[in-house]
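Asker: Assemble the whole structure, with the sequences as input and the hints as a guide.
By my numbering, the letter at position 162 of the sequence shown is numbered 162, and the numbering carries on one by one without gaps.
Hints are computed from structural coordinates only; laboratory data are not their basis. All values derive from a computational prediction rather than experimental measurement. Careful, some of the hints might be misleading.
Unchecked claim - Straight-line Cα separation of at most 25 Å, PhoX-like style, residue types lysine-lysine; simulated pairs:
#1 Lys238 to Lys55
#2 Lys249 to Lys55
#3 Lys121 to Lys110
#4 Lys238 to Lys249
#5 Lys121 to Lys219
As the list claims (entries may be wrong) - Label-pair restraints from in silico Cβ distances:
#6 Gln186 to Gln132: 25 to 35 Å
#7 Glu98 to Ala143: 29 to 39 Å
#8 Ala222 to Glu169: 23 to 33 Å
#9 Arg66 to Ser251: 14 to 24 Å
#10 Val65 to Gly185: 36 to 46 Å
#11 Ala235 to Glu98: 32 to 42 Å
#12 Ala153 to Glu115: 22 to 32 Å
#13 Pro158 to Gly228: 14 to 24 Å
No residue lacks a Cβ here, since even glycine has one placed at the ideal position from N, Cα and C.
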Amino acid sequence: MSMRVTNTMQLMQSQRNLQSSKASLADLTNQASTGIKLNKPSDDPMGTANLLAIKRQQAQSTQYVRNANDGNAWLGTADSALSGIGNDMTRLRNLAIEAASGTNSDASLKSIADEMQAIKKDVLALANTQYQGRTVFAGTSDAGAAYDTTTYAFAGSPTASVQRRIGPELTVQVDVNGGAVFGEGQNSVFSFIDELSAAVTAGGDVTTRIATLDQYADKITAAHATVGASQNRIASAKALLDTQSNTLKQSRSDIESIDAADAILQLQSQSNAYQMALAVTAQSNTKTLMDYLS
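Answerer: Here it is, written out as structure tokens:
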């Protein structure tokens with residue numbers, strides 16, 4: 001038994017077609033205006049899931065880059081301070097050799113000792129260098145200074161270093177353990193410079209103290225090299241992050257972006273289909289006497 005197709009049924013089908021065409025036209029119009037083909041999950045459920053995963057990776061990568069930049073700032077601050085201290089130690093050694101020559105007057109020795117004290121103050125100031133209110137030679141300590149300028153007591157946290165995560169399984173230390181490099185209290189480079197300058201003033205033995213001076217200088221050089229190695233690690237990590245970022249951008253674009261020319265063609269085609277659906281629906285609404293008698 002065949003089903004009779006009435007005008008009402010035809011009208012309802014025409015209206016459904018019209019609504020479907022209108023929805024498709026709205027979607028294509030939105031895509032053409034935004035340049036994005038995934039404006040809601042239903043547009044492409046699988047693509048949407050992949051897109052969300054990519055966005056999470058991008059957010060994580062962005063955080064790693066921020067961490068790397070912050071770490072670079074810490075290390076750059078420490079690098080600059082250690083460079084200045086290294087220059088001070090070189091000058092200090094030259095002064096010690098000059099004082100040990102045995103050809104200086106008392107006035108000359110006093111002048112050398114005074115310069116040594118000035119160098120100590122500079123080394124001490126550099127050892128208390130800060131980055132954003134944190135001392136780069138005091139670990140995680142929130143002390144205002146790594147060293148007391150009178151007693152040379154170390155206020156840092158030697159067992160708690162400042163770390164920055166710059167990859168899923170990669171962290172890098174961005175501070176320097178001042179206690180291990182400069183010592184502390186009476187066993188610090190600052191106290192040693194006091195002893196050295198006092199020996200110069202008194203005309204005492206300076207030559208034997210040069211070996212100790214070299215030991216402190218070697219520690220400073222080693223710390224400087226470690227900072228440089230950490231900077232290189234961050235540079236390598238950032239290069240990898242840049243590559244990953246470009247890959248993620250391309251993957252994201254492949255999923256959500258549209259080809260402008262293709263979008264315009266689809267929009268024109270759908271617009272024509274919508275106009276035809278409108279015409280069909282309008283024609284279906286025009287009833288004749290025979291339509292009512294059917």
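Asker: May I ask which of the numbered hints given earlier this structure violates, with the numbers listed in increasing order?
Answerer: none
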